[in-house]
Amino acid sequence: MLYVLIPLLPLFSFIMVGLFQKWMRNQAHLICVPMVFASFGLSVYAFMQVAGGNPVNFDLYEWIPVGDFRPTFGIMIDQLTASMLLLVTLVSSLVHLYTVGYMHGDGGYDRFFAYISLFTFSMLALVMSNNFLQLFFGWEMVGLCSYLLIVHWYERKASTNASFKAFIQNRVGDLGFALGIFLVWDTVGSLDYGTVFAAIGDHRNDTMNLLGTQVNVVTMIALLLFVGAVGKSAQFLLHSWLPDAMEGPTPISALIHAATMVTAGIFMVSRCHPIFNLSETAMMVVALTGAFTALFGATIALTQNDIKKVVAYSTMSQLGYMVMACGIGAYVAGMFHLLTHGVFKALLFLAAGSVIHALSAEQDIRKMGQAKKYMPTTYWTMLWGSLALAGIFPFAGFFSKDEILWEAWNAGVMGKGLWLIGVIVAFMTAFYTFRVFFMVFYGKDNMTDEMRSHAHESPRVITIPLVVLAVGALFVGWLGNPMFGPNLSHNFLGPVFNTPVSHVPVTEHAQLQMPNLVGEAFAEEGHDPHAAPAPHGEDPQAADPHAMAPAAHGAAAAGGAEHGGGHNKTMEFLLMAFSLAVAGSGIFMAYAWYYRPNEAPAKLAASYNGLYQGSLNKWYWDELYDAVFVRPTVKFAHGLWRVADEIVIDKVLVDGVAITTRIGGEILKFFQTGRVQHYAMVMSLGIFVILGGFFLF
Amino acid sequence: MIEALFIYLATVCVICAVLTVSLRQPVYNVLALLTMFFHVAGLYVLLNAEFLAVVQIIVYAGAILVLYLFVLMLLNVRTQSRHLHRQWPFAVLILGSVTAMLVGALQDGTWGVASGEYTAAAIQEIGNTQAIGLRLYTDYLLPFEVASLVLLVAMIGAIVLTKKGLIDDHIKE
Amino acid sequence: MDHLLTWVIFLPLIGAGIAFLVKDHQTVKVLALVTTIADFLISLPLWMKFDHGTANFQFVEKYSWIPTFNINYHIGVDGISLLLIIMTTFLAPFCVLCSWNAIADRNREFMINIMVMQTAMVGVFAALDMALFYIFWEAMLIPMYLIVGVWGGVNRIYAALKFFIYTLAGSLLLLVAMIYMFFKAGHTFDIPALMNTPFAPEAQFWLFLAMFVAFAIKVPMFPFHTWLPHAHVQAPTAGSVILASVMLKMGAYGFLRFCLPMLTEASLSLTPFILTLSVVAIIYGAYMALAQTDIKKLIAYSSVSHMGFVTIGMFVYNQLGIEGAIMQMVNHGVTTGALFLCVGIIYDRRHTRDLSEYGGLAKTMPMFATCFVIFSMASIGLPGTNGFIGEFMVLLGAFTYDRLTGVLAATGIVLGAVYMLYLVARMIWSECSNPENQKLTDLSLREFTILAPLVVLTFVIGLYPAPFLEVMHVSVEHLINQTAGLAGAPQIALLK
Amino acid sequence: MIPLSSYVILSAVLFFIGVVGVLMRRSIIVVLLSIELMLNAVNINFVAFSHYLESITGQVFVFFTLTVAAAEVAVGLALLIAIYRNRQTVNVEELDMMKW
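Residue numbers (numbering that gives the first Met the number 0), protein chains in the order written: chain A, 0 to 696; chain B, 0 to 172; chain C, 0 to 495; chain D, 0 to 99.
The set of hints was computed from the structure by calculation and includes no laboratory data.
One or more of the hints may lead you astray.
Stated by the list, open to error - Partial pick of chain B residues on the chain D-facing surface, computed with a CB cut under 8 Å:
1. Leu33
2. Phe36
3. Tyr43
4. Asn47
5. Ala48
6. Leu83
7. Ala157
As the list claims (entries may be wrong) - Simulated crosslink set (BS3-like; lysine-lysine; CA at most 30 Å straight-line):
8. A/Lys156 - C/Lys438
9. A/Lys371 - A/Lys602
10. A/Lys634 - A/Lys443
11. C/Lys61 - C/Lys48
12. D/Lys98 - B/Lys163
13. D/Lys98 - A/Lys668
14. A/Lys443 - A/Lys602
15. A/Lys568 - A/Lys415
16. A/Lys372 - A/Lys156
17. C/Lys61 - A/Lys21
18. C/Lys48 - A/Lys156
19. C/Lys362 - C/Lys438
20. D/Lys98 - B/Lys162
21. A/Lys443 - A/Lys366
22. C/Lys438 - A/Lys21
23. A/Lys415 - A/Lys371
24. A/Lys650 - A/Lys668
25. A/Lys366 - A/Lys568
26. A/Lys602 - A/Lys156
Glycine included, each C-beta is placed from N, C-alpha and C at the ideal position.
Excised from the complex, chain A in its bound form (with noise of 0.2 Å):
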């Protein structure tokens, strides 16, 4: 029960920031930043009590007790959840720190304080749920904190609107979502996690009518849960809100559009997994979303002159990158590139907001340059990140990046294809994540007087965060390193995908007996489970690194291509030197344009317009969007207002009855003359009627 304290920490303080707002004022970081710290602490203490082998799976309450319509809120803390804690809490914690320094002297410093506790909270009740009820619940509240968050300027006019558009796009995915969680549902007959995982498969051949054709249901249950990771993760068609969302304040863009809640797409697809293994054609939508957004990202990223843009389609494109896996069966491989991007780029987003915080709010990379001097240790930690994000050896993204590639490659006919897209985009990623480092801290100085004149290191709050998080972007990589020692991630995270379907032994109501394969796996090696966290790479212990990579496949039904044995191992290293090889030419071309002021880029977008342009204006997606859906919309909601409503249904229909009234009170008004006599006609008349018909009838 202690887990239950993990999100009511933060819900805790948000509580009390919310209520006493009015004596907390300044002070609300009192109150947050224990309790999220806390939080993290006992993440730790939980993670290390799953990797002993201690998995857990409690029923809190029941939520909505409905006939047999029983979701519950519970607890369920297995390797997923817990690799999940250590992430939302470790970068909780680190931006609550630096929101300390980042929000200092903001008028809504209480509040975004208020709201990010919130947001933390959420993010775990989606985490540590144990069936999708929860899920759902968790899924919307971070939406909710996320929009909260966004309008935090909401003066701003860019931030409202920023602030509408994610939310609607979410709630487009979360539609999709909800229906998801129907269809599973009416399928199954429960939500509950393990009851649905187990029950799933035996009804892999269920199909359903949809508009005429028969299509397989869990197909669909896949397709539209999938839908929901695409409105979350930000991925192609629903992707539009992840750039706009950088309107809001730098540390929620790290916290929420970067590391946590965009990623809970991935971790849904994950903890799905069960169900989209079953589907090849949902796991093949799947794959080809993540890999066209990963593209479709990095060539937006290109071109992007805010310097939260870029990092924002990097994201993108980096969740394009995860979902790519998911789709080819890499549950782990994606995983890992979720806590290691979580990691690097919590570290970039601060980063970069430590720079526009000492460059007066400035944004756009062309007017700085030449910052390396004012801010040495901001330079050296976003250098780690940009390392790391550019997949460079021995840094986080390079480990993760290329197993992602490596599963690729082994998945068959189109995993060639992904791989190819993959190096494509490693190598766009080099080279934007240099460029805005080469133009912000070397390239020529475009900074007014006045930006030089407060250009500044930002203060302990700010930097500690930064230091932390590029220790672990250096370190936290070795963790899945495939060519010394133990696959760790492999080790840990294997067993919840690996484990057969039909076999999920998540029971209902009941402590969980999860398999004690981790522990196993653990103490088989002789590992230290308790020091996993730690970054502690090197053990030369003998261990096949591709032991949980087949098992991954084994469920998958995508990824089939087999592969095992000295060969591939070969191959790995090839493949990795390879694509080492394009993540550094990446950097070099940066490095060779941008280093110094440069006149080649300006030549190249002016030989190729129409393609520097699109990018720039990210394809025209925005506009595509609002000539489609926003204005149509807005159009046929007011003419439909004005004519069906106002007109038909009310004028024509409900008062045109009043009106024929009145008209026919009109008319038979002239009938009452005041005149006995013709009453009396009109008697007789009546007679003559009732008499005649009396006759002829």
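Chain A is fixed; fit chains B, C and D onto it per the hints.
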């Protein structure tokens, strides 16, 4: 014989009725009605209702129609250039057809069964007047009293309505 | 307290009677507040002593009233009406409080109206005799007509007249149906007896149509909704609250109390028709709301949309759907009532309902903004707030009954968010450019007292709805069993 | 023997002549006369039925009809005088106060 008498009486009744409603001068109307009342009395005699025949003449001819004549003289109403209402053709047409329908319908009706209680012979034996009186003052005593009350009310009403200054002022206001 | 329910019904009327004798406005205000609060307090034992284990009516009182027509004073509650009664008594004090200063003219009469209104409303939910039901049902119109017509806005006469005649027209058909049933059921208006009377299917069809018109106007369902925006816009705040929170529920309650159990075959065969109208109402209402610039109109149209969920829930004949519909009724009462209260609060300050006049209220009225956003989120149906519970249950119920209906209705989730957030964005966020808005003061203590309990209730229902749900389980099961005995409803199998 | 239907038909014809009189005359006096005519037509019916059904009750009712006729004449003529006094007319067409 009786049939001939009936035909005569009925024909005169109808003609007088038509005259009553159609003649221009009110006095002629009254006189036509008077004629009709006499013939109705004749019909009553045909139907063995001698008492009623007498009452018909005394009350209707003697009292009611005389009252009309008094009023006519009292008011001295100008004869109007147009004595018929505009809707008269419709009235004649519609009611004419109604009458036609009724006449058609009533041709061969059988209504009720003779009770045999007051056969012509029985009435003759005790006398028409006594027969009515017996009925009126026994079974119909209460209606009879009510009728007298109606007359009383009518009398008071007539007085109140015609008395100058009682109603007129109100109406004028 | 043997006659607890009678007390709950007639206490406000007694209060109104006393208020007639008192001339002082201030005293009457206090009297009204005390009466309504007392009424709420004595209605609580209904809930606490309610036996969850039986579908029978409880707290029944039955006295012969008009023996000639076998009309009885017969009242009682079951799981379906209990929550609605509690909700009615719960909201009444807020109506009094929000009219405390807002109604300057003839305040005393206003309070009397509110109290009379409450008697009629509780009476409708508690009546177990159809004639009694009808009397309360119609009696409700009079104070509402006065509230809109006397204390309303500029076009109040038009709105009040439209409201009155529209509803009355529907009610008359109800009367016809009622009299027919009276004769068919062997000269009784008794609701439990009528529930056990089988009516011929052809007769049911016409009876259902007659009742449908009456109830659909009140709900209001799609083509019968146009009185609502007018009435809402013109009504004073308390009037809007009562309208939205309680009166709209009467129609839905009527469907549950009469159509489903008494006219089961007709209900089943006309289900596709009702579901279609409901889906149209959800989507159409949302689109209408989107086009509004008048805050009250926007919320009024949102009510059309939300009540669409209620009617869908009732006509899917499963426990999720029907309980969801009842929850949705309660939630809509709380949430929309609260939204109207919010609008009233801001209207008292600015005397305009034009959305373009507002903006940036978060800056000048942070507490108000917080409450408003909370209620908006509840209206959107965010998990954790009350709105989610009803909406989700209804949608899930609808989805299991007929997938297409479920899917189409679920689009209301998105559309609801669109118009509600549009309202929030225009009103609460964005720049506080209007100088009038910069002078606004935040909630007073009185206003805070009004909103705070509603905020609490929003979350209580949202996070722990079990106490609200458990009272209705058995009654709803009973209702479903009544319908389940008959042949399955025709399905619109487009997605099945 | 004269059949009952003859009397009934006669009565009906007379009655409707009376109705026509009520409908088509402009003078109140003649309208009242027409009403007397209708009453008489009814009386013929009563008496005829009384005779043919061998029951004296019909004749008793004629008696009552007579009373009503007398009362009607008294009140009617009184009204007529009152109207004439106020409006100097006995023309029914000009009396449209019932419109208000």
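A quick look at each hint next to the structure:
Interface restraint check for B/Leu33: the shortest CB-CB distance to chain D comes to about 10 Å, outside 8 Å, so the restraint is violated. A cut of 8 Å between beta carbons decides the hint on B/Phe36: the least distance to chain D is about 7 Å, and the hint holds. The closest approach between the C-beta of B/Tyr43 and any C-beta of chain D is roughly 6 Å, which is under the 8 Å cut-off, so the hint is satisfied. Hint status for B/Asn47: holds, given a least beta-carbon distance of 6 Å to chain D, under 8 Å.
For B/Ala48, the interface hint holds, since its Cβ comes within 8 Å of a Cβ in chain D; the closest pair sits about 5 Å apart. A cut of 8 Å between beta carbons decides the hint on B/Leu83: the least distance to chain D is about 5 Å, and the hint holds. Proximity of B/Ala157 to chain D holds as hinted, the smallest CB-CB distance being about 4 Å (cut-off 8 Å). Between A/Lys156 and C/Lys438 the alpha-carbon distance is near 21 Å, which keeps this suggested pair within the 30 Å criterion.
Proximity of A/Lys371 to A/Lys602 is assessed by CA-CA distance (about 27 Å); at most 30 Å being required, the pair is judged to hold. For the proposed pair A/Lys634 and A/Lys443, the alpha carbon gap of about 48 Å is over 30 Å, so the pair is violated. A hinted pair counts as satisfied when its Cα atoms are at most 30 Å apart, and C/Lys61 with C/Lys48 qualifies at roughly 19 Å. Restraint check for D/Lys98 and B/Lys163: the C-alpha separation of about 26 Å stays at or below 30 Å, so the hint holds.
As the CA atoms of D/Lys98 and A/Lys668 are separated by approximately 10 Å, the hinted pair is consistent with the 30 Å bound. A threshold of 30 Å between alpha carbons decides the hint, and for A/Lys443 with A/Lys602 the separation of about 18 Å falls inside it, so the pair holds. Distance check on the hinted pair: A/Lys568 and A/Lys415 sit about 17 Å apart at the alpha-carbon level, within 30 Å; holds. Between A/Lys372 and A/Lys156, the direct Cα distance comes to roughly 35 Å. Violation of the 30 Å bound is thereby established for this hinted pair.
This hinted pair does not check out: C/Lys61 and A/Lys21 have alpha carbons roughly 55 Å apart, beyond 30 Å. Under the criterion of a C-alpha separation no larger than 30 Å, the hint pairing C/Lys48 with A/Lys156 is inconsistent with the structure, at around 53 Å. Note on C/Lys362 and C/Lys438: the hinted pairing holds, with a Cα-Cα distance of about 11 Å set against a maximum of 30 Å. Restraint check for D/Lys98 and B/Lys162: the C-alpha separation of about 27 Å stays at or below 30 Å, so the hint holds.
A threshold of 30 Å between alpha carbons decides the hint, and for A/Lys443 with A/Lys366 the separation of about 9 Å falls inside it, so the pair holds. A hinted pair counts as satisfied when its Cα atoms are at most 30 Å apart, and C/Lys438 with A/Lys21 qualifies at roughly 20 Å. Among the hinted pairs, A/Lys415 with A/Lys371 is inconsistent with the structure: their alpha-carbon atoms are about 41 Å apart, more than 30 Å. Only pairs whose Cα atoms come within 30 Å are accepted, and A/Lys650 paired with A/Lys668 is accepted, the gap being roughly 24 Å.
Distance restraint check for A/Lys366 and A/Lys568: the Cα-Cα separation of roughly 47 Å exceeds the 30 Å cut-off, and the hinted pair is therefore not satisfied. With a C-alpha separation of about 35 Å, the suggested pair A/Lys602 and A/Lys156 falls outside the 30 Å cut-off, and the hint is violated.
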